[in-house]
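Student: This is what each chain is made of:
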Amino acid sequence: MKAKITITLKNGVLDPQGKAIEGALSGLGFDGASDVRQGKVIELKLSETDEPSARAKAEEMCKRLLANPVMENYAIEILA
Amino acid sequence: MKPAVIVFPASNCDRDVAVALEQATGKAPAMVWHGDSDLPETDFIVLPGGFSYGDYLRSGAMAAKSPIMKSVIDKANAGTPVLGICNGFQILCESGLLPGALLRNKSLNFVCRTVTLRVENSQSMFTSGFENGQFVNYPVAHHDGNYFADDETLDRLESDGRIAFRYVDNPNGSAHDIAGVINDAGNVLGMMPHPERMISPLLGGMDGAAFFKGVLDAAA
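Which chain is which? The protein sequence lines are A and B, in order.
Counting along the first sequence from 1, when you hit position 18 you're at 18 in our numbering, and nothing is skipped either side.
If you want our numbering, it's the position in the second sequence, counting the first as 1, plus 1000.
Simulated from the structure, these hints should not be mistaken for lab results.
Quick list of in silico lysine-lysine cross-link-like pairs, DSS-like style, CA-CA up to 27 Å:
(1) B:K1106 <-> A:K40
(2) B:K1070 <-> A:K63
(3) A:K40 <-> A:K2
The structure presented is a predicted model; accordingly, all values stated were derived computationally and were not measured.
This is chain B alone, in the form it adopts within the complex:
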């Protein structure tokens, strides 16, 4: 596996996700600056969490127009797996790779705590390490995590099994308790919670390590 992590100005989980990928693959991923226009040879792309461009205009809006994103979009459309976590999820929505948008949390609070998710569809490449209905615990840390899409889109996500994870106790007002969604082709996942922050008992558990092992096995 040759994973690549895209680094935007004010990404702050890029190194955490690099550690998680290295733990899963035994090799450090390529770190790619957003201003580059070409990707190195890669078979798994991660857009990490953070607050790219200070969340100015809309969270993820400016990062989605970075030079590197043209290559990321081309690769995603050609079938390369792409994972966006937190700000990465916002960037995927803003780039059009995923439907919907992430609005300000309903409570207006910045939510920073560990939440429980239910795995809704273990058939996807991103959740193949889990059972349907399994519960996992990941931290969330966001201000704009309130997933919104029109009713028709939500119905389609439901009927196509494209909701990967759902909150057990919705922390942000997301429609249908959505914590993570998959694109139509099944190779792009965006999720607000941070599996890379749950990869060691020292951090509170191994649910994130299981996530990365599952998806990297499925992508290999």
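So here's chain A without its partners, still in its complex pose:
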């Protein structure tokens, strides 16, 4: 199965990259774009064949390596 993991900075954590992107968008004339936040997406294949065990494996990966709970949230999508 495939997993798609989206990692975002927690609310309240400063995101200077998001701020820089916001400034560049405004420089291009895109008015009204605000609260830009940059995150990351990690896609991977898992050998598990059912969704609950694939999700459990991805969850464990997030906890142990992929996300840092001090500053990040994560969301897991399991794609068939």
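We have chain A already, so just place chain B on it with the hints.
Tutor: Positioned in the frame of chain A, the structure of chain B alone reads:
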């Protein structure tokens, strides 16, 4: 003293810190590859600066899961002094030995210059060579040095005297101007500035030599 320096892929201050340790102890430290799982006999462990794993995923994230880190964590929990400088600080946070995390610099700039720090707590083993409120100058060279922790953690660090060094002129946006923090037990220090780059008048001063002499005397 038997110091050990852990060498990760893309560590780049490992040899500098080895020179600083040798200058302070008269003996070359053990250099330990991150892929080893056992530490040699050691009573002082240094995680050096650099850009382990190219800062991929998050600075220090992958190095914190290296085989050697299990032994480093066990030793730290048993009371062996552990010092993490720059990338070493990031690795200590990622490994859970220190609270908080180091985010991208607020300015987005890679900051590379000598900064002035104030010694906040000279009672720690890492700062016993200094006076409270003393100023020292060390270079910084980092992209991700913006110390972050939740308010409750920051309050605890303040009230427990666990902030070892504070920036006089904050170069990276760190919460509470924090440049270096100590763990609860007092035997683990992480700091972004590089004392090992200030160990000779030729390098701009001796503040780093005083740091290493102080901590190694205290650890002996």
